[in-house]
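Chemist: Mind docking chain B on chain X? Use the hints.
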Amino acid sequence: MNIAVCVKRIPKTAEADIFIEKDGTDIKKDHLVFHLNDWDGYAVREAALLKEKHGGEVTVITVGPEESKEVLTRCLAMGADKALRIEEPPSLDAYRIAKILSQVIKGQPFDLILTGVQAEDDNFGQVGVSLAQMLGLPHAAIVNHIEIEGDKAKVRRELEGGIEEMIELKLPVVLTIQTGINEPKYVSLAALLEAEDKETTDCGLEEMGIPSDDPVDTKIDQVSFPPVGKMAEILKGSPEEVVAQLTEIIKKKKG
Amino acid sequence: MKIDPKTFVHDYQLNVCIQCGTCIGGCPVKFRSPLNMRRLVRQTHFANDPSSLFKKPELWACTTCSTCSLRCPAGVKNVELIIGIRNFLANQGEVPSTIRDALENTFLQGNPWGRFRDRRADWAKDLRVKVLGEAATETLLYMGCAPSYDPRVQSVSTALVKIFQKANIDFGILGKKESCCGNEIRRMGEQALFRKLAKDNTNLFKKSGIKKIITISPHCFNAFKNEYPDLDIPVQHYTQVIAELIETGKLKMPKELNIPVTYQDPCFLGKQNQIFDEPRKILTSIPGLEFAEMDRSRQRSLCCEGGGGRMWAEGGTEGTRNGEIRIKEAVALGAKVMATSCPFCLLTFEDAVKISGLASEIVIKDISELVAEAIDENSITKFQAPNNHQ
Numbered sequence: 001m002n003i004a005v006c007v008k009r010i011p012k013t014a015e016a017d018i019f020i021e022k023d024g025t026d027i028k029k030d031h032l033v034f035h036l037n038d039w040d041g042y043a044v045r046e047a048a049l050l051k052e053k054h055g056g057e058v059t060v061i062t063v064g065p066e067e068s069k070e071v072l073t074r075c076l077a078m079g080a081d082k083a084l085r086i087e088e089p090p091s092l093d094a095y096r097i098a099k100i101l102s103q104v105i106k107g108q109p110f111d112l113i114l115t116g117v118q119a120e121d122d123n124f125g126q127v128g129v130s131l132a133q134m135l136g137l138p139h140a141a142i143v144n145h146i147e148i149e150g151d152k153a154k155v156r157r158e159l160e161g162g163i164e165e166m167i168e169l170k171l172p173v174v175l176t177i178q179t180g181i182n183e184p185k186y187v188s189l190a191a192l193l194e195a196e197d198k199e200t201t202d203c204g205l206e207e208m209g210i211p212s213d214d215p216v217d218t219k220i221d222q223v224s225f226p227p228v229g230k231m232a233e234i235l236k237g238s239p240e241e242v243v244a245q246l247t248e249i250i251k252k253k254k255g
Numbered sequence: 001m002k003i004d005p006k007t008f009v010h011d012y013q014l015n016v017c018i019q020c021g022t023c024i025g026g027c028p029v030k031f032r033s034p035l036n037m038r039r040l041v042r043q044t045h046f047a048n049d050p051s052s053l054f055k056k057p058e059l060w061a062c063t064t065c066s067t068c069s070l071r072c073p074a075g076v077k078n079v080e081l082i083i084g085i086r087n088f089l090a091n092q093g094e095v096p097s098t099i100r101d102a103l104e105n106t107f108l109q110g111n112p113w114g115r116f117r118d119r120r121a122d123w124a125k126d127l128r129v130k131v132l133g134e135a136a137t138e139t140l141l142y143m144g145c146a147p148s149y150d151p152r153v154q155s156v157s158t159a160l161v162k163i164f165q166k167a168n169i170d171f172g173i174l175g176k177k178e179s180c181c182g183n184e185i186r187r188m189g190e191q192a193l194f195r196k197l198a199k200d201n202t203n204l205f206k207k208s209g210i211k212k213i214i215t216i217s218p219h220c221f222n223a224f225k226n227e228y229p230d231l232d233i234p235v236q237h238y239t240q241v242i243a244e245l246i247e248t249g250k251l252k253m254p255k256e257l258n259i260p261v262t263y264q265d266p267c268f269l270g271k272q273n274q275i276f277d278e279p280r281k282i283l284t285s286i287p288g289l290e291f292a293e294m295d296r297s298r299q300r301s302l303c304c305e306g307g308g309g310r311m312w313a314e315g316g317t318e319g320t321r322n323g324e325i326r327i328k329e330a331v332a333l334g335a336k337v338m339a340t341s342c343p344f345c346l347l348t349f350e351d352a353v354k355i356s357g358l359a360s361e362i363v364i365k366d367i368s369e370l371v372a373e374a375i376d377e378n379s380i381t382k383f384q385a386p387n388n389h390q
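Protein chains in written order, with my numbering: chain X, 1 to 255; chain B, 1 to 390.
Isolated chain X, as found in the complex:
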């Protein structure tokens, strides 16, 4: 069973101070730390588990800058066998990423192609399903369980309202992986250092026969903070003063 996993390096923003770039089309990233997209981590772990069970090879692929190698190294430490980085073109959107990935994957003997459901940074959730369309392969999105039986994949996917759907697809297939499908292992620094010795292939777009000036469908005009809501009131003062104010508010609301 040969598996390709498409991954992305993204900035960690949960606890960070966020500032918007001067041109207003992106956030500042130079003070942020980057890591492997959470969903992709589950996809790589799932690929490693399937490899343990069915044999074969796991290849991780990313479209990104030089620094993306650090997430590929992490994937190699997590059990991937090969890593490929495609240089990112000057402008990029989900459709374009899917297009580049499809050109790389097309004709390769993969039985299973996994992506995360979405990336933490832009939350588009488009790459996996677009990729399936471009490759002309069946797909299932938001997958939280995979079983391989012969040339078929039986997968469970999340639907709205807590309902799950069990479907059977003929391999090869593209699946977008939901968090919680497995329990990701800890990747120790020793394992990361060891994985640094494994080879990562770098490819320019031209080498792959992909034009670097393909137009993108989506252009970001502006990013902005959501307007501050009017319902929240932030109480100010020492803990004692805040408690006193809060008690008054609760008393009033209680009627």
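Don't take every hint at face value.
Unchecked claim - Taking lysine to any residue and the SDA-like style, the derived pairs with C-alpha atoms no more than 25 Å apart in a straight line are: (1) X:82 with X:198; (2) B:55 with X:49; (3) X:12 with B:105; (4) B:196 with X:196; (5) X:12 with B:117.
By construction, these hints were calculated from the structure, which means they are not laboratory data.
Modeler: Chain B in isolation, oriented as in the chain X frame:
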């Protein structure tokens, strides 16, 4: 970098064990988990493949307080065995998920809670504290992760700044360049990450031109003093510094604190590093303070269960927490304040006070907070004994 459990017998001197049971007799989590040190040493010694023994959740219950290894009459390195086992498990990726997150957070953000690195010195914004790199000084106040980020422990940080400024000590902090000391990281089994932190921190300290390091946490103190291989800068715990300031008359405490106080010896300061007298010297120098000693004190002090990565572990223990037992001991002694000198003790005992429903009987204070109160006779009293609260 590969760990081979077959060398554990030699590495941790398991073959000198006489099975006397002193280790398990002193273990603070023996009633709280199935962890049995005496059995673990024996089984690891005689197993053909010791790694088969290591998939037990109780191996994460050990707080690395070191009572077992310090009391062992034969010289078995019990705690190092636990750390070695955890190292083996970490390299296999088989650590509990909360420990995994703490380790990954430290790798990315330099602290186990995963708080944003750039906010590490936010607590010091309005305190006129020198930041090394922007200003020169020879004394580093190394903050540590909990005093930098935890809102409760930040009060210890501000108390120390107040004390040092009052005593005219020229000191600085590293600001957002500071990273975790790695003491707990090593004890959670991540030896490689610990070595990286030790190397990076040592280089940073040397580059900053500092001649002395003062730590807030006994855990950072222990790492710098005993486990950083290339650090040749003298390290002091803050209680040593304040005790000296009092002795040399550089710090006066004009305000009376008329309260009965007892003291919890943190394991990494007391039994592991023999600093017992300085904290007591400080407390007994505070005017009006009535100091009372608990029965189990100094080397026999009961572990708060905050060490060894337990701050980030979930489960693995059951029943009454040591913290609750300890608080009841302090209350029975008539103490209205339990003082300590470790951020983890402070947090675990505050939790224990709340769980025990004894919040009206006793409060937990860091020694620095009591001193900060006593040095300023005009200060508005932020702290009062609980029975004085209206």
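Chemist: Taking the earlier hints as the rules, which of them does this structure contradict?
Modeler: none
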